[in-house]
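Novice: Chains as they are written, first to last, in the working numbering: chain X, 58 to 543; chain G, 118 to 212; chain L, 777 to 1252.
Quick caveat, the hints were computed from the structure, so don't treat them as lab data. Careful, some of the hints might be misleading.
[To be verified] Below, a list of computed lysine to any residue pairs in the SDA-like style, where the Cα atoms sit at most 20 Å apart:
1) L:Lys991 / G:Ala170
2) L:Lys906 / G:Ser202
3) L:Lys1111 / L:Ser1141
4) L:Lys848 / G:Asp174
5) L:Lys855 / L:Asp1045
6) L:Lys794 / G:Asp188
7) G:Lys176 / L:Asp1045
8) L:Lys848 / G:Val175
9) L:Lys991 / L:Leu956
10) L:Lys1237 / L:Ser1141
11) L:Lys1001 / L:Glu989
12) L:Lys1250 / L:Glu1220
13) X:Lys398 / G:Arg122
14) L:Lys1163 / L:Asp1180
15) L:Lys1166 / L:Lys1250
16) L:Lys991 / L:Asn938
17) G:Lys176 / X:Asp296
18) G:Lys176 / X:Lys398
19) X:Lys290 / G:Val184
20) L:Lys794 / G:Val184
21) X:Lys440 / G:Val184
22) G:Lys176 / L:Lys1232
23) L:Lys1232 / L:Gly1218
24) G:Lys209 / X:Gly286
25) L:Lys979 / L:Val782
26) X:Lys440 / G:Lys209
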Amino acid sequence: MIEKTAAELASALNNGAISSVELTQVYLDRISAHNEQLNAFITVCEESALKQAQAADEKRANGDNSPLLGVPMAHKDIFCTEGVTTSCGSRMLSNFTAPYNATVVENFNAAGAVMLGKTNMDEFAMGSSNETSFFGPVRNPWDLERVPGGSSGGSAAAIAADLCGMATGTDTGGSIRQPAAFCGITGFKPSYGRVSRWGMIAFASSLDQAGPICKSAEDAALMTNVMAGLDIKDSTSADIAIEDYTAQLGQSLEGIKIGIPKQHFAEGLSAGVEQSIRDALAEYEKLGATLKEIDLPNNHLSVSAYYVVAPAEASANLSRYDGVRYGYRCENPVDLEDMYKRTRSEGFGDEVKRRIMVGTYALSAGFYDAYYRKAQKIRRLIKNDFDEAFKEVDVVIGPTSPHTAFKLGAKTDPVAMYLEDIYTIAVNLAGLPGISIPAGVSDGLPIGMHIVGNDFAESRVLNVAHQFQLATDWHRQKPTLGGAGD
Amino acid sequence: MAFDRSEVEKVAHLARLHISDAEADEVTSRITDILELIDKMQSVDTDAVEPLAHPLDVKQRVRPDQVTESDRREQLQTLAPEAESGLYLVPKVIE
Amino acid sequence: MEWETVIGLEVHVSLSTKSKLFSGTASEFGAEPNTQANIFDLAMPGTLPVFNEEALRMAVKFGLAIDAEIGKRSVFDRKNYFYPDLPKGYQVTQLDFPTVGKGSLTINLEDGSERIIGVTRAHIEENAGKSLHEDFHGMSGIDLNRAGEPLLEIVSEPEIRNAKEAVAYLKKLHSIVRYLDISDAIMAQGSMRCDVNVSIRPKGETELGTRTEIKNINSFRFVEKAINSEVQRQQDVIEDGGRVEQETRRYDADRDETFSMRSKEFANDYRYFPEPDLLPVEIDDEYIDTVRASLPELPDARKARFVTDYGLSDYDAGVLTATREMADYFESVAKDSGDAKLTANWVMGDLQALLNKNDWSIGQSPIQADRLAMLIARIKDNTISGKIAKTVFETMIENSSGVDEIIENQGLKQVTDSGAIEKLVDEVIANNPDQVQQFKDGKEQVLGYLVGQAMKLSQGKANPGQVNQLLREKIS
């Protein structure tokens, strides 16, 4: 039962094979058996989960069969959940009980989903390995010596280890897609503005986007149906009609054009990953797609531009953590300045402080044009590259990450860590939808394939991912976990 | 652009971060590396390019001027490190 | 050396919206601390701004009122600095693309002359909260009720030449925003605040001198005094061979001098950048036209109309239109009483004296427009004399009864009955034979004395014209 996709769990609940309370208890037991090992959850909400499950069972008995009713899930600890600790992976908010719900959380509550708990993450979503969390690193269920990717590493590990049926994540530069690749699962970042950011703790406002972390493209579509839509509380939420994102899943790929960016198959890509992606592309040809090499000439500048835009926005977004109204405050400050400086130096970890410094510097007098403005111009060039590409192709496909999951502690150099997101970052800068789905296994570790669509072409991206999953079973591959519950 | 220890101090102060002497060298060299990565941007001529601040090319929505929030002071101040008589307390503000 | 002063003003007015600039929290003056500080206002993690349409409309109204360019595309920016009354650690403002661009307004000086002062821009921004410096065991208290209130910051060109002009500029701004009903603009409550940039230069010099900024002055009078004292200080510094430092200063009213607030070491770097949680605000001609159509008559137009419609002098019209409330009051009294000039005299005379004495606004006047109109009507129809009217006016301050009731109850009605007046005149003639004789001998001015005696006898109620005429008939 636990390995089932959310869609399958929903049908098991619908046909009475299991109740939501029973299913919730199964997952809760599994979390208590494996969380110590994986560290995927920061908070587990046993009591409220069972209450929600019971309510879902009652609704179902009364004829409600909403698609995700009673399906147990997890929220990344970046989403505010009323009455529940919302830490964002930081000491700064380790004592913060959110006084309200994020719109994403409200939407899942309204859909009748059951929240099992809050998942671990890189501190303030800044990281690609989940090692920057104040609550310690998450371990990859495929190999406990390895990282799950980040920043949504807790959600990705929880899905890979079947600790929940579905989970939420957020993606600023690859934080849904890269951990999905490392953990052998499906992770979808919708277009910027598709999902409300209200209640989602900000890292970089013009890049952050929430999305599903789950076991199949079909689940991603079902979750997007719940998450997407206009929210007047978020001025950047798009006033563009939502669709039933499951409606086009079944569409044939006959005649579609897939763009293969040559820059994504260049130096730095590991042989095992390249082979799997080439095999997957061959599979797409069998499904009727044609492949076309495309050029994203400014892709190599995306990491540089991103490490100006994201830290600059973050440096301001994180100024509110000052020890005055909520969150951590240092002991016995001698004066105001001491309170600010010690609160922030003790409350934030090294990577967060580093990015605040870089962002502050990039915005400071005399550097604005050379850094921030320049980065915004590069951003335009990157967006233009995609606009050109989508005149010729329907989707762009490549590897999600240059290699499979690396070992904990292997990357101590921040720049090396930043280059982890070389294939995913441009998509955030351009605001496009992108999904990572499992496309192979190399040396016992999963490989992610990255499918990118045009603005608000969520349905197309999900369709292309789903058709692959109908033809292959990479998304059914599971790690073997030791210990109880297996 | 050179980033040295005096820049670290200046930037740390602007960001209200405390960087100890022991950390300063490490922080300086890490940030120098990051700035090197960033400086790759300078290789491209962007004089004729319009900056893109936001992927959404749309205009700001407005909301009607209505009071929709009620007073939650008591609940919200339970989150505060230090509050008294309805006020948030901080070390003395000197103007 | 002869010096020339250059002054530019940055005036913040709180826009009188019901809710805050970016949240649905109430924005009223005087609430209990932090009862108007909800999750967004407290910068709780994950909260986001949504723009209040009324703040935009008010800013556009102001722009149209000063004939300014209206920014069809305005952009919000973040201004970054740390202060406990600034919850987000940045203030949302408009740096490069303000809603209101270049405009101008006409100031009226005490000598009756006018000058046009340029307005560089007016932008929408958030207010900060308040630090209370009472001692909470060595700590300060922070009240965030004001945080996030909408402000309009109005920046003048450096075209103001002295303290009096600065005050006249402020008074005109005050008048305009009150006419537009976009702000209470009460300096004592902080809903209108003023920062003054002052520099001096040798007369004839075209380069600007180094300026200082005097922050947060909270009354018209202090603006005048602060400027004068700062100008004097700068002259002293330069004449003593020193240099004026560019810095922020504060005016201490008790000592009547300005003093430096911050040392250079803490010079801030605000790191402005476009606020990514908000998109550009775009408005079109149709929107601007709709707002234009809603504009009320503005002070300058109303003044001109008062001159033509009511035959008032320029000066009187200026005084009576200085505030919308005063002008409304005047117009109401003038219409109901049917005598604009008499109304102007009463409003600018006795009524204004009453208000000044008690420090009342026109809205607080115990003599409402309809009652003053009635009083004036009774002068016009000869029920009472102008002199008796002053007695009635005094009574009206304490007594809310109708004008006629007061006249009746106190027996103040003017005596116009010729029989009664004849009796009075006869009595005066009988009692003052010497004076009557002097008059008959050609001493014309004695008549005034005799009229006075008759008025006194009537306790001021006799119609002086009738008394005069009858006396003259009887003793000529």
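Novice: If a hint holds in the structure, say so; if it does not, say that too.
Specialist: Hint check results:
{"no.": "1", "hint": "L:Lys991 / G:Ala170", "result": "33 Å, violated"}
{"no.": "2", "hint": "L:Lys906 / G:Ser202", "result": "15 Å, holds"}
{"no.": "3", "hint": "L:Lys1111 / L:Ser1141", "result": "19 Å, holds"}
{"no.": "4", "hint": "L:Lys848 / G:Asp174", "result": "16 Å, holds"}
{"no.": "5", "hint": "L:Lys855 / L:Asp1045", "result": "9 Å, holds"}
{"no.": "6", "hint": "L:Lys794 / G:Asp188", "result": "15 Å, holds"}
{"no.": "7", "hint": "G:Lys176 / L:Asp1045", "result": "29 Å, violated"}
{"no.": "8", "hint": "L:Lys848 / G:Val175", "result": "14 Å, holds"}
{"no.": "9", "hint": "L:Lys991 / L:Leu956", "result": "26 Å, violated"}
{"no.": "10", "hint": "L:Lys1237 / L:Ser1141", "result": "28 Å, violated"}
{"no.": "11", "hint": "L:Lys1001 / L:Glu989", "result": "14 Å, holds"}
{"no.": "12", "hint": "L:Lys1250 / L:Glu1220", "result": "14 Å, holds"}
{"no.": "13", "hint": "X:Lys398 / G:Arg122", "result": "18 Å, holds"}
{"no.": "14", "hint": "L:Lys1163 / L:Asp1180", "result": "16 Å, holds"}
{"no.": "15", "hint": "L:Lys1166 / L:Lys1250", "result": "31 Å, violated"}
{"no.": "16", "hint": "L:Lys991 / L:Asn938", "result": "17 Å, holds"}
{"no.": "17", "hint": "G:Lys176 / X:Asp296", "result": "10 Å, holds"}
{"no.": "18", "hint": "G:Lys176 / X:Lys398", "result": "37 Å, violated"}
{"no.": "19", "hint": "X:Lys290 / G:Val184", "result": "14 Å, holds"}
{"no.": "20", "hint": "L:Lys794 / G:Val184", "result": "7 Å, holds"}
{"no.": "21", "hint": "X:Lys440 / G:Val184", "result": "39 Å, violated"}
{"no.": "22", "hint": "G:Lys176 / L:Lys1232", "result": "78 Å, violated"}
{"no.": "23", "hint": "L:Lys1232 / L:Gly1218", "result": "24 Å, violated"}
{"no.": "24", "hint": "G:Lys209 / X:Gly286", "result": "45 Å, violated"}
{"no.": "25", "hint": "L:Lys979 / L:Val782", "result": "11 Å, holds"}
{"no.": "26", "hint": "X:Lys440 / G:Lys209", "result": "49 Å, violated"}
Hint violations for this structure: numbers 1, 7, 9, 10, 15, 18, 21, 22, 23, 24 and 26, all remaining hints satisfied.
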